[in-house]
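Enquirer: Work out the full structure: start from the sequences and follow the hints.
Line by line, the protein sequences are chains A and B. Read in order, the letters of the first sequence are residues 475 to 629 in our numbering. Read in order, the letters of the second sequence are residues 475 to 629 in our numbering.
No lab work stands behind these hints, which were simulated from the structure alone. Among the hints, erroneous ones may be present.
Where chains are identical, the list cannot tell them apart; a pair therefore holds if satisfied intra-copy or between any two copies.
[As the list claims (entries may be wrong)] 20 Å max Cα-Cα, derived SDA-like pairs, lysine to any residue:
| hint | residue 1 | residue 2 |
| --- | --- | --- |
| 1 | K513 | E503 |
| 2 | K615 | E503 |
| 3 | K628 | G614 |
| 4 | K520 | L499 |
| 5 | K520 | E500 |
| 6 | K513 | P501 |
| 7 | K520 | Q509 |
| 8 | K520 | N498 |
| 9 | K513 | Q566 |
| 10 | K520 | A502 |
| 11 | K607 | D586 |
| 12 | K629 | Y530 |
| 13 | K523 | E500 |
| 14 | K523 | E503 |
| 15 | K523 | L499 |
| 16 | K520 | T608 |
| 17 | K520 | E503 |
| 18 | K520 | P501 |
| 19 | K513 | V565 |
| 20 | K628 | E578 |
| 21 | K513 | D564 |
| 22 | K523 | T507 |
| 23 | K628 | I588 |
| 24 | K629 | Q532 |
| 25 | K628 | E579 |
| 26 | K570 | D604 |
There are 2 protein chains.
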Amino acid sequence: MKITKITVTLLTIAGLSAAAFAANLEPAEQIETRQAGYKFMSWNMKKIKANLEGNYSQAAVQGAANAIAGIANSGMGALYGPGTDKAIGDVQTRVKPELFTEPEEVGRVARDFIEAANDLVEVAALGDPDDVKTAFGDLGKSCKACHDQFRMDKK
Amino acid sequence: MKITKITVTLLTIAGLSAAAFAANLEPAEQIETRQAGYKFMSWNMKKIKANLEGNYSQAAVQGAANAIAGIANSGMGALYGPGTDKAIGDVQTRVKPELFTEPEEVGRVARDFIEAANDLVEVAALGDPDDVKTAFGDLGKSCKACHDQFRMDKK
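Expert: Structure (structure tokens):
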């Protein structure tokens, strides 16, 4: 399997070796799996938002933060392999071509995202909703930074 | 919103209050989100299996174990709300009716699953592949126990 420069960058960021590649997924499956990760993180972001706006449950927020960080740190770069830059049959993707050609910028937004997710886990464990609100805002900004640069708008 | 007995059971298992419900998702979105969680866990199970069968990377296995446990502990019971027991439009589900009528048994398999996922995180951090292999096997069995009882076969 050809390992692209961008994927190596993303794996390096996540502290993972090429061993992560051993579980090869077909390109369409890579697209579906990365989208599954984002969907599950999105649900957990919504839960944290709802907790900050309503009754705050530390257990619920911690659980959601851990889920997001677990996914963020799992080496999702391996899900942007060759052939995953455009739709495959019914499997659509909104990824921009730039994600595959701008490894340094991708690395920067990926690092920011992982760092923000890990920070949220730390403050969620301490339990101060104000600190969680700040960390949650920072995490949201790191999501948006990647969406703005590397995701197409919905048609 | 009506909170079913089964959902309360699952939330209790995960140590979560009803606050987790604040982020209400529509039934179809609940089905898609739980399937996203399972898909992402499945990818991480495959990675661990590949590491156990090939070159073992502790970082990769830890990352995968943390992702699985993060998802497992995020209160997925909230994604089995009313109206999510059968297909909604194009959104299919293989859940069996029993999942909504046998809360005690669901609670048992859910507890086993969460415990096995947390055990895997612990041994993955210690880094002995033999221990990881055992814990990984136990986790696989806990997945299968739920599939056998509460998931329909593929058509």
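Enquirer: Does each hint fit the structure? Answer for all of them.
Expert: Now for the hints, and whether the structure bears them out:
For the identical chains of this complex, K513 and E503 are neighbours both inside a copy (15 Å) and across copies (10 Å), given an alpha-carbon limit of 20 Å. In this homomeric assembly, K615 and E503 never come within 20 Å of each other (Cα to Cα): the closest approach is 28 Å inside a single copy and 24 Å across copies. Proximity of K628 and G614 under a CA criterion of 20 Å is satisfied intra-copy only: 19 Å inside one chain copy versus 37 Å between copies. Within a single copy, K520 and L499 get their C-alpha atoms only as close as 29 Å, which misses the 20 Å cut-off; across copies the closest is 9 Å, which meets it.
In the homo-oligomer, the alpha carbons of K520 and E500 lie at most 20 Å apart only across protomers (13 Å), although the nearest pairing inside one protomer, at 30 Å, exceeds that limit. In this assembly of identical chains, the alpha carbons of K513 and P501 lie at most 20 Å apart whether taken from the same copy (18 Å) or from different copies (15 Å). For the homomeric pair K520 and Q509, the shortest alpha-carbon distances inside one copy (16 Å) and between copies (17 Å) are both at most 20 Å. For the homomeric pair K520 and N498, the shortest alpha-carbon distance between copies (9 Å) is at most 20 Å, but the shortest distance inside one copy (31 Å) is not.
In this homomeric assembly, K513 and Q566 come within 20 Å of each other (Cα to Cα) both inside a single copy, at 14 Å, and across copies, at 17 Å. With identical chains, the CA atoms of K520 and A502 are at most 20 Å apart between copies only, with a shortest distance of 16 Å across copies and 27 Å within one. Taking CA atoms no more than 20 Å apart as the test, K607 paired with D586 passes inside one copy only; the shortest distance there is 17 Å, against 33 Å between copies. For the identical chains of this complex, K629 and Y530 are neighbours neither inside a copy (36 Å) nor across copies (43 Å), given an alpha-carbon limit of 20 Å.
When the C-alpha separation of K523 and E500 is checked against a cutoff of 20 Å, the pair qualifies only between copies, where the shortest distance is 17 Å, while the shortest distance within a copy is 35 Å. In the homo-oligomer, the alpha carbons of K523 and E503 lie at most 20 Å apart only across protomers (17 Å), although the nearest pairing inside one protomer, at 30 Å, exceeds that limit. Within a single copy, K523 and L499 get their C-alpha atoms only as close as 33 Å, which misses the 20 Å cut-off; across copies the closest is 13 Å, which meets it. For the homomeric pair K520 and T608, the shortest alpha-carbon distance inside one copy (15 Å) is at most 20 Å, but the shortest distance between copies (35 Å) is not.
In this assembly of identical chains, the alpha carbons of K520 and E503 lie at most 20 Å apart only when taken from different copies (13 Å versus 26 Å within one copy). Taking the closest pair of Cα atoms, K520 and P501 come within 20 Å of each other only across two copies (15 Å); inside a single copy the shortest separation is 29 Å, beyond that limit. For a Cα distance limit of 20 Å, the shortest separation of K513 from V565 qualifies both inside one copy, at 15 Å, and across copies, at 15 Å. With identical chains, the CA atoms of K628 and E578 are never at most 20 Å apart, being 26 Å at best within one copy and 42 Å at best between copies.
For the identical chains of this complex, K513 and D564 are neighbours both inside a copy (18 Å) and across copies (17 Å), given an alpha-carbon limit of 20 Å. In this assembly of identical chains, K523 and T507 lie within 20 Å of each other by CA distance solely across copies; the values are 17 Å between and 24 Å within a copy. When the C-alpha separation of K628 and I588 is checked against a cutoff of 20 Å, the pair qualifies neither within a copy, at 25 Å, nor between copies, at 36 Å. Proximity of K629 to Q532 under the C-alpha cut-off of 20 Å is found in neither arrangement, the shortest distances being 38 Å within a copy and 41 Å between copies.
Taking identical chains as interchangeable, the C-alpha atoms of K628 and E579 are never at most 20 Å apart, the minima being 22 Å within one chain and 42 Å between chains. Proximity of K570 and D604 under a CA criterion of 20 Å is satisfied in neither setting, with 35 Å inside one chain copy and 42 Å between copies.
Comparing the model with each numbered hint stated earlier shows that hints 2, 12, 20, 23, 24, 25 and 26 do not hold.
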